[in-house]
Structure formats: structure tokens, C-alpha cells
Amino acid sequence: MRKEGAAKVCGTARYIDDITLPGMLHGATVRSSIARGRIKKITFDPAIPWGEFTIVTAADIPGANCIALIQNDWPCLAAEVVNHPEEPIVLLAHADKHRLAEAVAAVRVEYEPLPSVHSIAESERKDAAVWGEDNVLKSYLMEKGDVDAVWAGADFIVEGEYETGAQEHLYIENNGVIAEYSDAAGLTIYGSMQCPFYVHKSLVKLMALPEDKVRVVQVETGGAFGGKEDYPSMIAAHAALLVRKAGRPVKIVYDRAEDMAATTKRHPSRTRHRTAVTKDGKLLGAEIDLVLDGGAYSTLSSTVLSRATIHAGGCYFWPNLRVRSRALATNSPPHGAFRGFGAPQSLFAIERHMDRVAAAVGLAPEELRRRNFLRPGLTTSTGQVIPEGVDLEHLLARAMELSGYKEKRQRFARENERRALKKGIGLAAFLHGAGFTGSGERRMGSVAAMDATADGMLRVLVSSTEFGQGTNTILCQIAAETLGVDYGVVQMGPADTSVVPNSGPTVASRTAMVVGRLVESAAKEMRHVLTEAGLIGEQYSTEEFQRAASMYVGKHGQLRTEGHYEAPPNVFWDDELYRGEAYGAYAWAVYVAEVTVDTVDYRVAVDDFVAVQEVGRVINPVLATGQVEGGVAQAVGYALYEKVVWQKGRMANNQMTNYIIATSQDIPPIRVYFEEVPYKYGAYGAKGIGELPMDGPAPAIVNAVSHATSADFCAVPLLPEDVMTKLAQVKSQVVEVVGA
Amino acid sequence: MRAAPEQYEMISPGNLAAALKLMASEPGRWLPVAGGTEVMVQYSAGRLPQRNLMNVWGLPELRRIEVTPDAVVIGGGCTFAEIRAHKAIAAEFSMLAKTAAWVGSIANQNRATLAGNLANASPAADSPPALLAYEAEIELISVRGTRRIPYTQCHLDYKRTALTQDELILAVRLPRRFAGWRDYVRKVGTRNAQAISKVCMAAQALVQDGVVEAIRMGMGSVAPVPLRLAAIEECAAGRKVNATLIAECRQLLDKMIAPIDDIRSTIEYRRLVAGNVLEDCLRTLAGTA
Amino acid sequence: MSLQRIVMTVNGVERTVDAHPMERLLDVLREKLGLTGTKEGCGEGECGACSVLMDGSLVNSCLIPVAQAAHAQIVTIEGLGSPEKLDPVQEAFLHCGGSQCGMCTPGMIMAAKCLLMHNVKPSREEIREGLGGNLCRCTGYMRIFEAVEAAARKQESEAAR
Ligand SMILES: Cc1cc2nc3c(=O)[nH]c(=O)nc-3n(C[C@H](O)[C@H](O)[C@H](O)COP(=O)(O)OP(=O)(O)OC[C@H]3O[C@@H](n4cnc5c(N)ncnc54)[C@H](O)[C@@H]3O)c2cc1C
Ligand code: FES
Ligand code: FES
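Residue numbers (the working numbering), protein chains in the order written: chain A, 1 to 740; chain B, 741 to 1029; chain C, 1030 to 1190.
No wet-lab data here; the hints were simulated from the structure. Honestly, I wouldn't trust all of these hints.
[Said to hold, decoys possible] Cross-link-like lysine-lysine pairs, in silico, BS3-like; alpha carbons within 30 angstroms at most:
#: 1; chain 1: B; residue 1: K995; chain 2: A; residue 2: K648
#: 2; chain 1: A; residue 1: K41; chain 2: A; residue 2: K245
#: 3; chain 1: C; residue 1: K1061; chain 2: A; residue 2: K97
#: 4; chain 1: B; residue 1: K838; chain 2: B; residue 2: K827
#: 5; chain 1: A; residue 1: K726; chain 2: B; residue 2: K827
#: 6; chain 1: B; residue 1: K838; chain 2: C; residue 2: K1150
#: 7; chain 1: B; residue 1: K980; chain 2: B; residue 2: K838
#: 8; chain 1: A; residue 1: K41; chain 2: A; residue 2: K648
#: 9; chain 1: C; residue 1: K1061; chain 2: A; residue 2: K245
#: 10; chain 1: A; residue 1: K423; chain 2: B; residue 2: K838
#: 11; chain 1: B; residue 1: K980; chain 2: B; residue 2: K899
#: 12; chain 1: A; residue 1: K279; chain 2: A; residue 2: K408
[As the list claims (entries may be wrong)] For the chain B half of the interface with chain C, some residues (derived, Cβ under 7 angstroms), not all of them:
#: 13; residue: T777
#: 14; residue: M780
#: 15; residue: V781
#: 16; residue: W797
#: 17; residue: P800
#: 18; residue: A847
#: 19; residue: N850
#: 20; residue: A933
#: 21; residue: N982
Just so you know, even glycine gets a beta-carbon here, dropped at the ideal spot from N, CA and C.
With the rest of the complex left out, here is chain A (with noise of 0.2 angstroms):
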């Protein structure tokens, strides 16, 4: 059971907006209103008595101006240009929040307006050029075989060009912080976040502070999906910015609309494919061209960028083939890491293609999938030999028998024919690495730790932090498991930077698999630790262990064991060429959608979700469920409802009316199997489990838009809009073919 699962229905769970400090401020944010420019002047408009008001500009930061994450491009407080819309620039801290919103809007800020660009071309045109001379926040080139030779060859050469839509993370807790400071203690952060040593990093740099004078605590998150990995840096360096200069704790929580417009959302991609095969369908070779829209700064564009390549070529056996991707400039708040980090944009693409390419062979979907699906002992894009065990074409068998694949795919083409309700079904078959990319597990060196308490309670000390995916379950469940005691007598220690160990930021599905293994072997240390001490035996019951750990740290003063992260064996990568091991494991799945399409308002239903996949072993099915129904929803929504509605780069519908997520009488039955093929070098057998469910949504259901409408949609979001534009012009199609 979810270890903080009753504080959490009971309401007593604590998130940031639940707690005050004595004498705490409120912070606001003045926050640019164009796209690009230079600021000119600052005036404080003498209505509002400004005296009581804490003023923060970018000349009271005392270290470097900047958020440190990859290349440090992102200004904490814009100082003399700014680059989208919403980027802060003034801060304000009153005691009474009441005060701030009237505040905020009698600070003018004057510019000199600069040209901005706004979407993928105009950065590609460089119709401005607003990140260095090109515009290129990163590119990447990945080669396998010699693809200029394949054209000569193939009976059919098949080309597209697909694009995805930004989207917004939409957790229902907003972001927010509150931080405090003293002399003695130095800098206290509490806040809503994905990765406490990731704004730890960044405060010691902007505050000039020691690494042991900043403190960063997470406190309950209401719910992240990537979107509190980058951004709690931000709005804790703000706080701590006015804590400094005000003397007093100060809260800064964002409103709805404040979260939407000024934090970051999913790239928005346009992908290009140019694929040889041949008249059995076999897949010869390929040419993908990739391209991300960044925002206004690099951020992690580059390690999104990263992902987004190497899944470009999906699940499929690819003897040549040829990625370029670039994550470009525009003049939007920076996108950022959202559940999935660059594979949906790209699995949306290469699976909305092979059925493109299977209509142009004149086969299946599902048979042109099956010919060319990775197996044991084939290469990846990145050459990584497919080990044994993966079994894809058994996943598809499963998907197609659960939902009735076949019969339906027929039934429905020759029904459609009469009906103005058109029903589709479409598949998708997909991969996702867990972990860090390439070389990134092992540079990161991660530690877990494992200590006892004097009245036996036995803790898990991580940096690994719970926004609602299971951390604590899992982690507290592989350490009970390993020590050989009830889960109930293992806690998570606070996810607290001065307690804990660094073992790494909670982001890319490495929580379970590697975090895991490193609680495994902490727990397996202390075991020992306590065996040799002659603590206790072979055998022994939960309260003997716990009686032993309790002796022991009442003769040694503590009792705390680490695991440390070792590479698995055998596991190259050039980072420079991106070939080799890209992932530790990998993790398949086949989903299949059924739609229908009201042909009288162009409105997409998805009626049914069947999701197979295989995650190594499931270490807590509840949970494992649970994230795979979510990363669905949020993937109906992805290809279904949520539009972000840019106008000069700003979101223009940044409120929960007017940006569409799914409720509950939109969401079809989703249907979760899991295969299980443990992996050897995971925690119990786990692999990454909690992004692979965003990754196939979208293309199976608008595989099944296609299927029921005929009609070749290449984008999402889908909206009824964009059907109805569709629909319409192949009936004027057909119009003029009868015609002349």
C-alpha cells in the first residue's frame, strides 16, 4: 500500500501552500509582456507605497545571473533583454498577499522591441536570429549503414512529415517554495519539486553561497511529469532572492494562470521521414529529420533532443539509416522535460509513418510492423545488440487478441460506409529506454543510503523524490524485501539535501531500476553489517532485525550503508557518434486504440485502450498500473484535446477552461497487461516504467482516426477543428474527381 497514501486521502499531507512560517512574506513576479526586446527603463508607479514592499532586480543577485543546468543561457531575473513573454524580471515580497497582484501590474517596464520568432520555420528561416547566429540550441547527427545507397534499390520510397504540439504538464498542485534564512543555518528551500540537488546546484552559484550553507527540502508535490525538474530552480532562486534581501521567509506560490504561461512545456517537434522498402515490406533504410522548438533557452533541450533522436527509428530493425535533429530557438517561456523527454515527438512520428509506409506497400499495418520489428540478437539505431527475451511479436499477437484487432479492422471499414458515426482501430508498437541516456548513469555516480534509527526504524535515504508516481512504495518495498522485514518498518528519510545522499535527479523512468538497485545493495550492506557484528543469524524475524540494528547504533553511535552505482558490464557509448549502449534496458510495449468519429461535429471519441507492454518485472502492480492508465490519459489528451494557443509566443489559454485536459467522462476503459521479462541489471528485476505509457497514445489513436476517416492526419494535437478541415477537403476531392 502507498506509504504516504493516508496522509494523502485524509488530507493531512502537507504541500507547500499548507504550510507558513512565522512572519513569512508572499513574493510576486513582474514578468516581461513582449516576446523579445530590451529593457529600457523600470518605473514604480507612486500610487502603491513602495516602502513596504521588498524590491528585487537583477543587480541584487550576488553570484552569477543565470539557472545552472546544461549550458547556463537562462537568466534568473532579466537584467537588459528579454526573450519571451513572461520572463521575470522585477520581484516583489508583502506580508499580505492581497497586496501583490496591484502591485505587480503598477511596475512598468518599458522596451525597445527586438523581432522574435514563433515557430519552428521562422527559427529555421532565421527570420530573427535570436539564439547565437543560427538559431541552433543543439544538433545531433546519427549514422548506421550507408543510407545514400538504399534509394537505388527500393520499390517504394515513402515520405512524410509529422508534427506534435506543445503541452502543458497541468499537475494540479501549482509550483511554489518557501524559503528561509539565518547566518547560522544558512539557506533553507521547501518546495514542490522533482530534484532537490538540481536547484541545490543552481543556488550555490547564484546566491554565492557554500554547498553546506544551501539547503534544499521537498516537500508533498502534487504531481510533476517533468514539469518540476528545471523550473523549481527558477521560482527557489526568486525566493531566495527575496529572503536575502527582505530578512523575513517568503512564500512564492504561482497561480494557475501564472504556472501556465510562465513555466515550461512539452517541445513541439516537426519530424520529416524518408523511407526505402521494398515490395515485401522490408525497411532498407531511412532518412529522419528532427526538429524541436527549444523556447528562448537551451535548458535541457539538449538531452530532450537526445532522446528524441535515438528513439526516431522506433522499434524497428533499420540496416541504414540516417537521424539529423536540431532543437531550435524561439522566442517562448523555454520548453522543458515532460514524461517522455523527446520520445513521444518522435515515436509519434516513425509509428504514424509505418502505417503510411504499410498502405504504400500494400500490407497491414500490423504485418509491416511484424517484419521489421527489433529481435534478439539485431542491432538498434545505435548498434545496442536486442538481448534475449524481448519478444515484440507476442506483445502485438496479445494487443490484437485483447481488443479484437482484426475482426474489428475489417468490420468497421465495410460499416463505415453507412454511418455517420465512422469507428476506427489503430496500433502503435514502441520502445523506451530507461534510465539516463549514453554515458549519463555513470557520470552521475549516484548513491543511495540506508540508515537505522535507535528504536529499530530503518529508513531509506535517497534524493529520489514522490510526486505521486510510488517512489516511496517501491523504494521502501525493495529494501523491506531485500532486509528480509515487513514493509511497514521501513520509512523514507526526508528528501532533504543535507541528509541525504545525491542518487540523482527522479526524472527518465531510473527511479525504480537504478535508484532501486542502489537501496538494494544499501539494504544488503546493512544486512551484512549486522551479520558480522553477530547480530543476527541466518534466519530472523522483523523485530529481531530491528532489535539488532537498534543495538548496534546504541554501541556505534549510527548504523548507515550505501550502495553505490556501478555500470553494468559490458556497456559502451560514444558520445560523440551516439553509438553503442544508448540505454541500460529498454522497454516494449503494442497499444491498440478504437475511435469513432462523429462525421456532424468532427468530434473524437476513444472508445476502448488496450495497453500491452513489458517492464521487466512489476514490482507493484497497483502502482505500475496506475502509472500506466495516467501516462495514457495524459496521452488521449495529448493527441486528443490539449492545445497550447500561442499568440507571439505566450500561451493565450492559460486556464484550466481553456486548456483541455480529459475528466472522467472522457477517458475510455484503459486495459493494462504486463509481460514480465526481468532485467538483470534492475532493481528486482524493474526497468523504467513511468514514461513508456505517453509514448504510444497518440499515434494509435490517430492511427484509428485514419482508419475510420480514410483521411491521413499527421499532427496532434487533433482537435475537431483540424478533422472538419480535413474531411471537408477530401470531400471537395472527391467533388472535383466526379466532376471532371
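On the provided structure of chain A, position chains B and C with the ligands as indicated by the hints.
Same frame as chain A, but now just chains B and C with the ligands:
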């Protein structure tokens, strides 16, 4: 929350007479708040210009549903939850019951009032098309007395109504003269719950052997005010529903509506879908769908 | 403008607060009465995180001026059960995995509670409608539906005893 509560006043007069007196004493100064599902949204966003509010939630005089021999009279303060649950409304005015069930969510229906829906005068409101098709009348009350106007005369322009500054909507009157009429009602929203309409339509007709003897239709979200489709009603009366009639009606509709582009949809979509819904409506009512 | 003295019954206890009449019930519960179980997700009636029961019916407390809650009976998540003694609906959410990040959970449970008060054996369709105003971004709703069905079964078997 972007408003400062201490800058706002709210008075609870407690009964209708006191409320009307307050409105009459300072016309235009006191904004009534019933369920608050419109007003509070504006307020929290820091966009409510009025600082003086008058609480009319729960005034008993506004919260009755009366069934008389020739009409069902629904108090303006009735919530959509109450309207949904009322037997006579469900039986005789099922389109209104259905639209009531569309208004947001359960929590919203427990607060949202019929008068609030009308007085707010959004073209995208869900109850107006049904009221238009039922030829509803509204009863307005002030210290000067009550008056009754056809609902078709209620909306003057975008967000402007025929209410004077001292008036409240007392009730909505639905005449009971449509026994045996068939009905059609459809909301095209952004999703299945919590959705703002992109097109909303209600219609009822007397149909004999495929011939439309009489028909009443209302449509929302396609013009600055909810529209009664009178010209189409006239065109269809006495005729069989076939491709010719449908084409004529669609053409008439095209001329009557003035949809807009906004962050929720496009002119083209609203225009085409309004026509499709009208066609679906005619075919369904005639039994030829 | 002046504070008003407002009396309401919250979770069975009469409470008196001095508040501006247009303060939101949500803020009064959270900030003046310390009942932080009720959450804010949108502040515009859209997400249901702030759902409470007011005189027996489900409402979004972010849209209620506290003056309109005078003399009302309010029930918040804290009024249902505690970790030591869970309400059957809370227990079902815990067991079925109906809560992930927990932000929607208090409001979702209040909506479920309200549904089960009016309908002891709701169908899947009725559950979907009853929870339509409570957005959850984590679960995809399936575990939540199962939790509501489990709670209904439990209530039924308890009623039979
Ligand atoms: C989340 C959400 C979802 C929604 N979904 C829908 C939907 O699907 N369909 C839909 O149609 N609407 C929807 N609405 C809008 C709203 O709920 C309705 O318009 C509702 O009927 C308004 O009633 P109220 O009592 O809450 O109005 P209030 O906010 O109290 O008042 C609205 C206006 O009406 C005036 N008023 C109130 N009572 C009277 C009276 N007796 N006489 C004269 N004037 C009066 C007020 O002064 C104010 O100008 C939604 C709102 C929200 C917050
Ligand atoms: S906070 Fe009240 S409905 Fe979202
Ligand atoms: S559990 Fe996170 S929003 Fe529902």
C-alpha cells in the same frame, strides 16, 4: 486569487423585498450574486469591476418551481441541479433538463442558477436554446412591480439584456402547449464535462408523415446572442424534410449566424458544424436520420 | 471595508470567523481554520480540488464568498476520517490506488462521498458523471472508479449486516 477581498462589499438583504429596495435606492450600484459561478470567476481573476455585491443566493421567493395548468414556472434562483431533478420538467421540458445536466459539473450545477445563466448573457450559455425553442417568457421584478417579456426579447446584444438596473429575474415561464412535439437537443463542446459550447442547439417540432407541421428552434454560440431561428422555422413549416429543404435551411442559417474566431474554435468550424447540427436536427425530427 | 462575523458549522463543530464577506470559503477554511486538506488547483471552478459539502451538496469552495456560507453546514476532507480511522471511501481510495500525487484526492473523495450519499450503487456511467468536475492528472481515473465501486460494495455489505 488576484483580488483583494477587503476592497469588496457584499450585503445579504435576506429577502426579495429588501433586495429590490437596495437595487432601487442606488440603481446599478449593487451587483446581484446568486450561485457566483460567473461572478466569482471574474472576481478571483481580478477582473470584476463592481465593488459592491448583493447576495441573492437562496432567496426563497426566487427558488420555487410551480406547475400550473398552462405553464411550468421556474424561479430564477433555482439551480440547474434542482431543474434536473424536477419531475414535471423532466417529463414535459426534457430539453431543459438535459441542458441543465450539461452545465459544467455536479458541483457547478449545485450552485449555477437559471437566472444567472440568462442575466450573464453569454452567447455560449447552454439553457437559452431550449428556452427559445419552448417559447419561454421571463418575469422581471423590481420595486415598481413585475413585468413579463418573451424570452426572445431578453438579449439585446453581446452581454446586454433588457433588464433595467433595478430589476431581477423572478422566474422563467414555460408554456405547456407542446404536447406531442418531438425534440432534438445537442451540445457541441470541447469535451464531455466542464465544457464551454462551440455550438448548442435545441428544437422541437410537430411532425406528421414526414411533414414538419410546426417547428421551434434555438441556437447558441454562433452569434453575439442566442438565436431563435425564426426564418428557418418558417421555411420548414408545412414541408417534407428532404435534401432541398435542408439545403435551403442551411443557406438561411449561414446568413443568420455570425460566428467568431477565438482561442476555443474557428469561424469555419462553428459555421460548418452549425449547419451540420441543423441538418442532423431536421433529419432526426423528421425521422429520416 | 469592514470584517463580518460569520458563524458556520464545519465538520460538525460551530466555528466563528471574522472575515471580509468576499473572502473565498476556500481561503477561510485553509487560512483561518487551518483546514488545509481542501486544495486549490485552479481558482475558477474547473478542477474540483477545492470541493467540499455545503448543506449536503457538493460545491467548489473557491467560488463561494464566505458570506454565502454563513450558517451553513460544511464538511471537508478532515471531517470524514483520520489515518487511524478511515472513512470507507478514503479506505477504498487507499487500497485501490485511487490517489497518486494526492492533490485531487480530497476533492475527489468529497465528490465520491456526495455521489454515494445520493446513489448507493452507482453505475460506471454515473460514477463518471459524478466525478466529471474533479480533474485528476495522475491516475487516468480507472483506479478512482474502482475505488468508488469498492466503497459502494463495502457500504452495501455493512448496511446488510
Ligand atoms: C466550471 C464552470 C463550468 C461552467 N459550465 C457551464 C456550461 O457548461 N454551460 C453554461 O451554460 N454555463 C456554464 N458555466 C457558467 C455558469 O455556471 C452559468 O452561467 C450559471 O448559470 C450562472 O449562474 P450563477 O447563479 O452562478 O450566476 P452568478 O455568477 O451569481 O451571476 C451571474 C450574473 O447573473 C446576474 N444574476 C444572478 N441572478 C440574477 C437574478 N435573479 N436576476 C438578475 N440577474 C441575476 C448576476 O448579477 C451576474 O451578472 C460554468 C461555470 C463554471 C465556473
Ligand atoms: S480550485 Fe476550485 S475548482 Fe479548482
Ligand atoms: S492523484 Fe494527482 S491529480 Fe489526482
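To see whether the hints hold, each was checked on the structure:
1. K995(B) - K648(A): This hinted pair is violated, its Cα atoms lying about 33 angstroms apart.
2. K41(A) - K245(A): 22 angstroms, holds
3. K1061(C) - K97(A): Measuring from Cα to Cα gives roughly 14 angstroms; hence the hint holds.
4. K838(B) - K827(B): Holds - the C-alpha atoms of K827(B) and K838(B) are around 13 angstroms apart, at most 30 angstroms.
5. K726(A) - K827(B): Violated, at about 44 angstroms.
6. K838(B) - K1150(C): Judged against 30 angstroms, a Cα distance of about 22 angstroms means the pair holds.
7. K980(B) - K838(B): 28 angstroms, holds
8. K41(A) - K648(A): With Cα atoms ~22 angstroms apart, K41(A) and K648(A) stay inside 30 angstroms; holds.
9. K1061(C) - K245(A): 28 angstroms, holds
10. K423(A) - K838(B): 26 angstroms, holds
11. K980(B) - K899(B): 37 angstroms, violated
12. K279(A) - K408(A): Judged against 30 angstroms, a Cα distance of about 26 angstroms means the pair holds.
13. T777: 6 angstroms, holds
14. M780: 4 angstroms, holds
15. V781: 5 angstroms, holds
16. W797: At about 5 angstroms, which falls below the 7 angstroms cut-off, the nearest Cβ of chain C leaves the hint on W797(B) intact, so it holds.
17. P800: Violated - the Cβ of P800(B) stays beyond 7 angstroms from chain C, reaching only about 14 angstroms at its closest.
18. A847: Nearest chain C Cβ about 5 angstroms off; hint holds.
19. N850: 4 angstroms, holds
20. A933: Constraint on A933(B) satisfied, holds at 3 angstroms.
21. N982: With a minimum Cβ separation of about 36 angstroms from chain C (threshold 7 angstroms), the hint on N982(B) is violated.
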